[in-house]
Amino acid sequence: MKEKIERIRREIGEGMQGVTTRKQLFELKMQYLGKTGAISALSKGMRDLPPEERPAAGKLVGDVRAWAEEQFAAREEELKKEELAARYASEKIDVTMPAHLAGGGSVHPVSLVKQELVDIFAGMGFDVFEGPEIEQDYYNFQALNIPADHPARDMQDTFFIGGDFLLRWQTSSGQIRVMESKKPPIKVLSPGRVYRSDSDATHSPMFHQMEGLVVDKGITLNDLKGMLDEFARRMFSSETKTRLRPSYFPFTEPSVEVDLSCRNCGGKGCRVCKGTGWIEVLGAGMVNRRVLENCGIDPDVYTGFAFGMGLERIAMIKYGINDIRLLFENDVRFLKQFRD
Amino acid sequence: MKAPLSWLKDYVDIDVSAQELQQKLFSCGFEVEELIYVGAEIDRCVVGRIEKIEPHPNADKLRICRLNCGGYGEDIQIVTGADNVFEGALVPVALDNSSLHGGVKIKKGKLRGVESCGMLCSGEELGINDDWYDGADVNGILILQEDIPVGTDIKQVVGLDDYIFDIAVTSNRPDCQSIYGIAREVAAVLHKEVEPVPLTYHMGTFRTSERVGISVQAPDLCPRYIGHYVRDIKIGKSPLWMRRRLALSGLRSINNVVDITNFVLLELGQPMHAFDLSRIADSRICVRRAKEGEKITTLDKNTFDLTPENLVIADGEKPVALAGVMGGLNSGISEGTTELLFESAKFERANIRRTSRALGQKSDSSARYEKGVDAYTTGVAINRALNLIDELGCGKIACDRFDIAVPQEPPRAIETTAAQINALLGIEVPQQEMCDILTRLNFNVAVHGETLSVTPPAYREDVDGYPDLAEEVIREYGYDHIEGTFLDTAAVTNGGLNAAQQQAARTKRALRGQDFGEIITYSFISPKDYALLRLNDELARAIRIKNPIGEDMSVMRTTLAPSMLHTLVRNIRRGNDGARLFELASVYIAKALPLAEMPAERATISVGVYGPKEDFFSAKAAFEAIAAEFGLQFGYRAAQRPFLHPGKTAEVVWNGQTIGWLGELAPDIAEQLSLEVPVYLGELDYAALEGSLGKDVQYVPLPKFPEIRRDLALIVSEDTACADAEKAIREGCKFVTDVRLFDVYRGEQVGEGKKSMAFSVTFTPHDNAIAPEDADGYVRRILKTLHEKVGAELR
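Residue numbers (the working numbering), protein chains in the order written: chain C, 4 to 343; chain L, 785 to 1579.
Note that these hints are calculated values from the structure, not bench results. Do not take every clue at face value.
Calculated cross-link-like contacts (lysine to aspartate or glutamate; reagent style DMTMM-like; alpha-carbon spacing at most 25 Å) [stated by the list, open to error]: (1) L:1146 to C:160; (2) L:1397 to C:334; (3) C:271 to L:950; (4) C:220 to L:1267; (5) L:1312 to C:203; (6) L:1375 to C:140; (7) L:1330 to C:140; (8) C:271 to L:815.
Isolated chain C (complex conformation) (with noise of 0.2 Å):
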């Protein structure tokens, strides 16, 4: 029994020794402690003893068997980890090769400097309106105290679709809209497309405007800094700053242009903002108290700013586009930098 055992033990050894795949060694499993298997055989072999050697032979037998697992289960779990190994090593990819990006479409850059302003004024409480692109010349000027012989009414200058129709200079024709429709308190923004009959590097014969009016009791040239300051932080960076001085324009007075802190050299004087550090960016003004009257508003209780930008200018600023006429051309590889 004991030279039995001795040899079986033995027999797993170099068995084992030869074993490379979980399957072999099944097999070389089944060869002892399957049903049929030699330890199997031996325990079937017991009945043959006599009995007082029984329980002997038993321990034995039980030894054996529990060896054997345990060799088996140590086997196994060492060619798990090299099959495992074998996998990962034949599986390797290359992580450095490209994504399966989805394309995900494009915004034009003028919407998304339109879309980022409407989001910072409409947390001020703007509503957003969009007038007619082909106005009435009451409207266009007349309404915004333009007189009939200011020379913004030069040929030169609108395109004229004939009678009383022409189309819109400038987006504060919804202004009078606005106000016509709506009693004070107003806070309302107006972006849409505006044209001039201009076209270069800087100028183009279309192009968008975003007007914003504010008409309340009380409202004040130093209200219309601080909400221009505000929207220079978010628009730009909190570092930017904003700097009024004085201008002209029929539908405000006082007016003034708005320059903001050049972004590229902050403030110290570069390229971009031709040493003075500053950027113009907007035009602005206390509403003229004759706009507000032609709109029936009373201008000894209400006062009132606007602000008008050209949201070109503001992408250009903002995106680093050097000529206007890249935001018509429409090139799928400029559209495709812009992305919400």
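Fit chain L to the given chain C structure using the hints.
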């Protein structure tokens, strides 16, 4: 407006640098676009005296000069080729390492073996002519006439040591389109007094009215006309100081009388004209509208046909000047002029602009009138002109004048308070400070307790209310006092996009989700675009621009398709290998032409697609994405459009109406555009959908039992539409929730004129699970319906 510093200094004691003045002007609303140092090109060029001239040993035409340049060297040897130099002459000397007009650099060198430590300069080499310094036009070295210390910088001698402020003047301030107007602003910002303009002159005992009669027949176009007679005219050269002023302003000196008119225009902003009275017929001047068919030949020898729209100055017979634009050749000042009539007038600016534009004739005078001239300055200017005649001693002045003016209301005082002005500004400017500022700007301020009664100066026709005063105050007080507040008094409002605006944003997002990129194109297109797309009927209904930049931007588009097509073509020509693009913009639809009421501006979506992986159905994806986003069902049916491939065109149908189209560009049009790849276009009348986009999603409960899927391969005739087969499948069984075409096959096994369509059909159970044998029954019913409706057989 170009203002030389030296001229401003005539009227204001300027004690700051040019650069500081530039900053101060900027802060009070006068941006100096360019600060030009007149002598910027000239460096290291000084006055030298020729002490000795010796012949050149190796060249007959060269001479060796020894110069005393004071501190720069008392014995400098310079070789010159000029022959007008002499011992004792004072000349401009360009020293070693100097620079001259035109960027010329002068360095020490040898001329034919003799060392030359610089160069003697001509006027031209300094960039000047006789207007800057007498003798500068001489061919040769500029010989300086005054006794000037040697070593003096030449720029100081010839008038180049000066600055020009090129100032942007806003259109509400025509009074600052003049040297004196700027001087007033400079004085105010520097807290100085402005010197008055010299206006006095000696006059004779003779009268203007004895020599000439003046009448104004068109007072609507000529609110003020002043004529003053001057005789014993001696036409000659103007003094150097006047010529230099004109030269600094870019004008050439002509003669004393013409120079005076130009000088007054620059200094006071009032255009002046002088008529040679001996050439005025009937001794009569009449300001009137031109008669139809009248002609005038202006000083520059251009002849114009006139209409009653044009204002003229006429004598007894004919027009002698195009009012405010240019004098006539028949009445101008010449060498032989002995008596003249000075004109200082205010003409209505819109009329001057119309005449100038209509005739294509411009002048400094018309440009000035277009900006606006005030009647007050018209009166000042004539006195200044006569003062100059007197100072130059070139004529005798009559003791009276014609001054024909439409009566004007005296400037009205504006009643306001410091509190009212501060309420607009949002800061506290002290009342005294306000009064000081307004007074410095020549406003008359009377204080009665709280009330300020403010009368603007006569030349400030732009000021008519307290907000104007607020602007005057803050621009002088300083915008840097405005620090920013945040609507402390305003009511809270609820802002944001309205429903339609939010839906437009969603629409764009849905398109971006299908890889479409947004484009923005011009709203105007070319009539040729309509011809290209064979849409000439539509062109006839399109709104046209009367004054377009060019024909190709003259029609307000009624379709976005041409703009999209051009965008695709541009991308193809640039070698970009594919694109999916969309635009959301308006088309402009007139109710009738010519426009009598506001046209409709209809929001429209245009799509355009090309590229190796793209086809008709890529374009269709755009529309389906919108339908899916808003839970709409679009139908598609084969259709025709004049510019699309007849076999690859669909109409989009929704709610029983056609709301769009899509298809492949007709191959013959593609060929005209030299396109080698197919392009697909589509357009959707987005405005038609706008009312139906707002519905909230309604949740459909998830099925309690598993869904069952069956694939059906059908054989149908070639002209069976997918949509019809799909419809039949849905009709065949109420449990069908999804039908998806996944393959189309044509070939021998299917047979001629037939095709195989494979659908994947999903059945969703309602209350009980669907057993496989139930599904078999559904399929049989579906096949029966398919056979009846579209003649389909199971493959």
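Taking the hints in turn, this is what the structure says about them:
Taking the CA atoms of residue 1146 of chain L and residue 160 of chain C, the gap is near 18 Å; set against the 25 Å cutoff, the hint holds. Our distance criterion of 25 Å between C-alpha atoms is met by residue 1397 of chain L and residue 334 of chain C, whose separation comes to about 19 Å. A C-alpha spacing of about 24 Å is found between residue 271 of chain C and residue 950 of chain L, which places the hinted pair at or below 25 Å, so the restraint holds. For a cut-off of 25 Å, the pair hint linking residue 220 of chain C to residue 1267 of chain L stands: about 20 Å separates their Cα positions.
About 23 Å separates the Cα atoms of residue 1312 of chain L and residue 203 of chain C, which keeps this hinted pair within 25 Å; it holds. Of the pairs offered as hints, the one joining residue 1375 of chain L and residue 140 of chain C holds, with about 19 Å between alpha carbons and a cut-off of 25 Å not exceeded. Simply put, residue 1330 of chain L and residue 140 of chain C have alpha-carbon atoms about 15 Å apart, close enough for the 25 Å limit, and the pair holds. A hinted pair counts as satisfied when its Cα atoms are at most 25 Å apart, and residue 271 of chain C with residue 815 of chain L qualifies at roughly 19 Å.
In this structure, every one of the numbered hints holds.
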